[in-house]
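Residue numbers (our numbering), protein chains in the order written: chain A, 140 to 281; chain B, 140 to 281; chain C, 140 to 281; chain D, 140 to 281; chain E, 140 to 281; chain F, 140 to 281; chain G, 140 to 281; chain H, 140 to 281.
These are computed hints drawn from the structure, not numbers from a lab. Heads up, a few of these hints could be off.
Unchecked claim - Capping the alpha-carbon separation at 30 Å, the derived lysine-lysine pairs in DSS-like fashion look like this:
1. K155/A x K148/B
2. K262/F x K202/E
3. K155/E x K262/E
4. K276/C x K276/D
There are 8 protein chains.
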Amino acid sequence: MKLDATDLKILEILRKDARTSFTEIGNALGIADSTVHVRVEKMINNDVIKSFTINVNSEALGKVHSLLMLDVTPGHFEEVVPSLIDSENVEEIIELHGAYVAALKISANSLAEMRDEIVRIRKIPNVTRTEMITILKTWKST
Amino acid sequence: MKLDATDLKILEILRKDARTSFTEIGNALGIADSTVHVRVEKMINNDVIKSFTINVNSEALGKVHSLLMLDVTPGHFEEVVPSLIDSENVEEIIELHGAYVAALKISANSLAEMRDEIVRIRKIPNVTRTEMITILKTWKST
Amino acid sequence: MKLDATDLKILEILRKDARTSFTEIGNALGIADSTVHVRVEKMINNDVIKSFTINVNSEALGKVHSLLMLDVTPGHFEEVVPSLIDSENVEEIIELHGAYVAALKISANSLAEMRDEIVRIRKIPNVTRTEMITILKTWKST
Amino acid sequence: MKLDATDLKILEILRKDARTSFTEIGNALGIADSTVHVRVEKMINNDVIKSFTINVNSEALGKVHSLLMLDVTPGHFEEVVPSLIDSENVEEIIELHGAYVAALKISANSLAEMRDEIVRIRKIPNVTRTEMITILKTWKST
Amino acid sequence: MKLDATDLKILEILRKDARTSFTEIGNALGIADSTVHVRVEKMINNDVIKSFTINVNSEALGKVHSLLMLDVTPGHFEEVVPSLIDSENVEEIIELHGAYVAALKISANSLAEMRDEIVRIRKIPNVTRTEMITILKTWKST
Amino acid sequence: MKLDATDLKILEILRKDARTSFTEIGNALGIADSTVHVRVEKMINNDVIKSFTINVNSEALGKVHSLLMLDVTPGHFEEVVPSLIDSENVEEIIELHGAYVAALKISANSLAEMRDEIVRIRKIPNVTRTEMITILKTWKST
Amino acid sequence: MKLDATDLKILEILRKDARTSFTEIGNALGIADSTVHVRVEKMINNDVIKSFTINVNSEALGKVHSLLMLDVTPGHFEEVVPSLIDSENVEEIIELHGAYVAALKISANSLAEMRDEIVRIRKIPNVTRTEMITILKTWKST
Amino acid sequence: MKLDATDLKILEILRKDARTSFTEIGNALGIADSTVHVRVEKMINNDVIKSFTINVNSEALGKVHSLLMLDVTPGHFEEVVPSLIDSENVEEIIELHGAYVAALKISANSLAEMRDEIVRIRKIPNVTRTEMITILKTWKST
Chain A
140 MKLDATDLKI LEILRKDART SFTEIGNALG IADSTVHVRV EKMINNDVIK
190 SFTINVNSEA LGKVHSLLML DVTPGHFEEV VPSLIDSENV EEIIELHGAY
240 VAALKISANS LAEMRDEIVR IRKIPNVTRT EMITILKTWK ST
Chain B
140 MKLDATDLKI LEILRKDART SFTEIGNALG IADSTVHVRV EKMINNDVIK
190 SFTINVNSEA LGKVHSLLML DVTPGHFEEV VPSLIDSENV EEIIELHGAY
240 VAALKISANS LAEMRDEIVR IRKIPNVTRT EMITILKTWK ST
Chain C
140 MKLDATDLKI LEILRKDART SFTEIGNALG IADSTVHVRV EKMINNDVIK
190 SFTINVNSEA LGKVHSLLML DVTPGHFEEV VPSLIDSENV EEIIELHGAY
240 VAALKISANS LAEMRDEIVR IRKIPNVTRT EMITILKTWK ST
Chain D
140 MKLDATDLKI LEILRKDART SFTEIGNALG IADSTVHVRV EKMINNDVIK
190 SFTINVNSEA LGKVHSLLML DVTPGHFEEV VPSLIDSENV EEIIELHGAY
240 VAALKISANS LAEMRDEIVR IRKIPNVTRT EMITILKTWK ST
Chain E
140 MKLDATDLKI LEILRKDART SFTEIGNALG IADSTVHVRV EKMINNDVIK
190 SFTINVNSEA LGKVHSLLML DVTPGHFEEV VPSLIDSENV EEIIELHGAY
240 VAALKISANS LAEMRDEIVR IRKIPNVTRT EMITILKTWK ST
Chain F
140 MKLDATDLKI LEILRKDART SFTEIGNALG IADSTVHVRV EKMINNDVIK
190 SFTINVNSEA LGKVHSLLML DVTPGHFEEV VPSLIDSENV EEIIELHGAY
240 VAALKISANS LAEMRDEIVR IRKIPNVTRT EMITILKTWK ST
Chain G
140 MKLDATDLKI LEILRKDART SFTEIGNALG IADSTVHVRV EKMINNDVIK
190 SFTINVNSEA LGKVHSLLML DVTPGHFEEV VPSLIDSENV EEIIELHGAY
240 VAALKISANS LAEMRDEIVR IRKIPNVTRT EMITILKTWK ST
Chain H
140 MKLDATDLKI LEILRKDART SFTEIGNALG IADSTVHVRV EKMINNDVIK
190 SFTINVNSEA LGKVHSLLML DVTPGHFEEV VPSLIDSENV EEIIELHGAY
240 VAALKISANS LAEMRDEIVR IRKIPNVTRT EMITILKTWK ST
């Protein structure tokens with residue numbers, strides 16, 4: 140799907156506050172609220188908008204976070220991915236192909252649970268190397 | 140603010156779909172929708188819910204992303220942070236104190252714009268070392 | 140076992156001088172010596188106090204020490220641990236999951252004996268990588 | 140002070156259980172308890188025995204531990220040491236002159252307190268580089 | 140300048156053999172040789188074709204080559220570049236912003252001349268770190 | 140083939156502009172154009188001149204470039220080379236035997252195509268480790 | 140064999156100039172030349188003096204030198220050693236157990252021969268990783 | 140000085156046993172002993188033969204050795220060299236320009252003396268970074 144300037148503006152408004160009504164968005168952009176509605180639906184159907192969600196202050200939840208660098212047997216990363224995606228503890232997976240193939244953001248309720256998750260991930264076939272770096276503070280997230 | 144099990148369940152539902160109505164949430168949890176309303180408001184006021192937002196497929200936007208590892212003169216990280224937070228290109232800032240003090244997630248419209256942003260960050264006083272790692276694919280984000 | 144403030148104070152006193160009598164501890168904390176006795180026994184039984192020991196100046200013993208960083212085949216660390224614990228030369232084992240899975244503190248009577256111990260550890264099945272760093276001076280230990 | 144075989148055996152017994160009486164030690168080694176007494180006193184006076192202490196299960200205390208690798212401006216390590224020794228959070232300081240000048244073992248009541256201590260250490264003049272590695276489990280300590 | 144498919148084909152032919160005549164190119168692509176001429180001139184004027192050159196087998200020249208990784212004081216790379224571009228020994232300069240800011244390809248008539256060039260580069264103001272890696276064989280170059 | 144000073148001068152002239160006529164070269168060097176012709180042919184036949192080519196401004200083509208560090212099972216690099224040489228995306232292959240066995244220069248039409256090429260290379264038997272570093276700008280190339 | 144102060148002085152004199160006569164050594168140390176003779180023979184027989192040799196200026200020989208860091212499958216280094224000792228190109232082998240198991244000093248008549256030797260060493264069974272660092276100048280050797 | 144095949148053979152013989160007489164060398168090579176004498180003198184005068192020495196088994200001397208990697212402020216290595224050459228503890232200095240500018244081989248009578256020497260070297264102006272790696276065994280030296 141090809142996005143135009145109006146689509147991008149709608150995305151920008153919803154990113155800042157997903158509860159903004161279509162009427163408010165229409166007014167802000169000088170277009171009809173039905174047009175907003177049609178465009179938003181189209182962006183949902185084309186997977187441009189993956190979901191409506193909330194941005195939670197994870198420190199308020201008492202969670203521990205870490206960045207987990209991951210390396211695998213060359214050529215086998217895609218086989219490892221599903222088992223990472225399925226984990227509740229894995230919040231983010233990015234593929235890098237730098238010194239490590241991927242970086243994950245892991246959350247856990249305690250350092251002990253964090254260790255359990257790392258141990259679990261290390262047991263996935265073809266994982267060859269991991270490096271966990273504890274996150275001490277989150278200054279910005281979107 | 141101390142969260143109880145009901146709060147955590149509300150957060151979970153909203154995280155999956157922030158457009159779920161309070162009535163639906165109340166039905167799912169067996170509590171009144173007004174209770175849901177009160178609790179959500181309280182979590183917003185206490186900064187547990189930082190915002191209602193959308194999860195956008197950044198690849199659909201044609202954006203380029205990178206992980207930027209950052210080191211600074213010891214003792215000066217907090218002076219560097221504001222200039223990072225203010226940048227539209229900096230999506231995430233996490234403080235690590237591993238081999239690097241922090242990791243940033245940077246987005247840009249092109250590799251050329253990415254380079255401009257890296258060059259800008261390197262000029263912030265007390266930045267001593269950076270390492271950019273291009274993100275080739277995002278498999279999961281929340 | 141859940142520790143309260145009095146338990147923590149008893150631990151603190153014993154850590155500084157394990158030969159402090161229960162009477163002295165009781166006086167210092169304003170409680171009966173029999174209470175001290177009961178609490179200490181309970182902490183021993185619950186493995187909070189692992190042992191009464193002496194802090195020996197290992198340099199006086201003419202020992203050589205090293206920090207040994209250790210990596211193993213992912214998922215097999217716990218199989219390697221017993222053979223490390225059993226060694227007289229291995230004074231400490233901490234699990235990290237950083238660039239290395241674990242760090243050990245090794246002592247030996249000479250560099251030649253140190254080499255023998257490293258060679259022995261490298262022969263334990265599933266050990267994939269080691270890095271020995273000689274300790275030149277111990278400034279503080281508890 | 141030059142230690143002989145009998146001194147080493149006494150140290151070994153006390154290391155395993157510092158509450159062993161001099162009579163028991165004397166019986167075990169076939170020497171008078173007064174001889175044990177004299178030797179122990181001499182080893183204390185000569186700083187061979189640095190202290191009588193207890194080995195506490197730090198996980199039972201709910202503490203968080205980390206290994207902190209430290210680098211300083213060449214030639215200035217000894218100026219940095221006093222400020223490290225004085226800290227309650229710094230349990231151990233070993234001088235290495237490997238990729239880092241020293242390794243510290245840090246304990247804290249929470250990750251937030253750990254961060255505060257790292258930030259404090261990084262502000263000590265002449266500290267140039269630190270790398271914190273979270274300890275996930277202690278398998279052996281003496 | 141915007142290139143079309145015909146331009147790209149012309150470039151491809153010239154890259155393989157820069158001595159191919161415009162008539163031959165025209166025949167191959169089914170266009171007039173004058174059209175080829177006009178397009179080539181335009182690409183030269185717009186700096187798409189930087190030069191007509193020969194691909195020399197540098198091993199036949201008895202040259203020694205190395206890859207030189209380079210780091211500079213953050214924010215000062217562009218001041219360092221001119222002194223690198225001017226050197227006959229520097230064949231290539233690419234800006235990376237990875238663990239090093241840039242990589243250079245250096246050629247020299249001997250290892251002694253290579254050392255002189257490295258020493259010269261290290262004396263350029265704001266150069267903070269270099270790592271030379273000797274090239275033992277070139278398998279492909281374009 | 141042994142090159143003399145005249146050969147080197149001819150190479151130098153052709154490297155700067157491969158379209159310089161033999162007459163012009165002969166005039167510049169004070170030798171007959173037929174002598175230039177003979178020498179150039181000999182250098183082509185002896186693979187000193189590998190090809191006549193053009194130096195294309197790859198940024199004008201909208202290409203993305205990266206430096207790919209490559210490691211293989213010791214003793215198997217030469218088996219990996221053919222599959223690298225054959226790839227259109229691999230512009231350069233240099234053998235180093237530093238921390239990596241080789242460095243490649245990869246070009247692609249987009250970051251997505253770059254990822255595909257990296258994934259393909261990682262699937263070549265005996266490739267054990269890769270590290271991709273994105274090239275953000277080319278300052279000099281010959 | 141236990142060396143005394145006189146032995147050490149003899150070694151020192153011979154190290155500076157192995158052609159010093161026993162009479163001269165005897166005079167310098169105030170002992171009989173026959174005593175010098177007996178002691179030198181004993182040190183040769185006990186392998187304290189491994190050989191009488193010359194210190195050659197290898198740069199005068201036009202040799203290329205490198206430091207080769209070597210890693211092997213844990214537990215198999217001693218099997219790799221004989222094949223290293225036998226090579227004329229391997230001048231020195233030291234066992235480290237740092238980031239690499241050993242460091243070698245390699246000499247060769249050219250970079251091409253150096254590459255051949257590295258390739259040969261990499262084919263020795265159980266060699267897992269090598270890193271060659273070219274020596275650009277030797278400032279001191281004994 | 141240009142060496143011929145006969146010179147190289149003489150060097151080879153002396154390297155294996157510096158006490159071989161000129162007559163024996165002459166016989167082995169089929170030349171007059173006076174010719175051997177003249178050539179050896181010439182090689183000494185031209186600094187090809189730096190000295191006649193003995194190869195001492197340093198382990199028999201009870202020495203501790205280490206490899207010390209050294210980095211300095213770019214452009215200042217030659218100022219640091221004299222202070223290294225003068226030290227009795229520094230046996231070898233090689234200039235690399237890899238991840239470190241130089242590698243030194245250090246010997247000392249004990250780990251404590253080794254530490255003193257490292258501390259001394261780190262105080263030489265312009266030394267920015269050192270990494271000591273203990274040598275556990277020497278398998279070959281020439």
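To see whether the hints hold, each was checked on the structure:
1. For the hint pairing K155/A with K148/B, the CA-to-CA distance comes to about 24 Å; that is within 30 Å, so the pair holds.
2. Simply put, K262/F and K202/E have alpha-carbon atoms about 34 Å apart, too far for the 30 Å limit, and the pair is violated.
3. For the hint linking K155/E to K262/E, the alpha-carbon distance of about 40 Å lies beyond 30 Å, and the restraint is violated.
4. With a CA separation close to 25 Å, the supplied pair K276/C and K276/D stays within the 30 Å bound.
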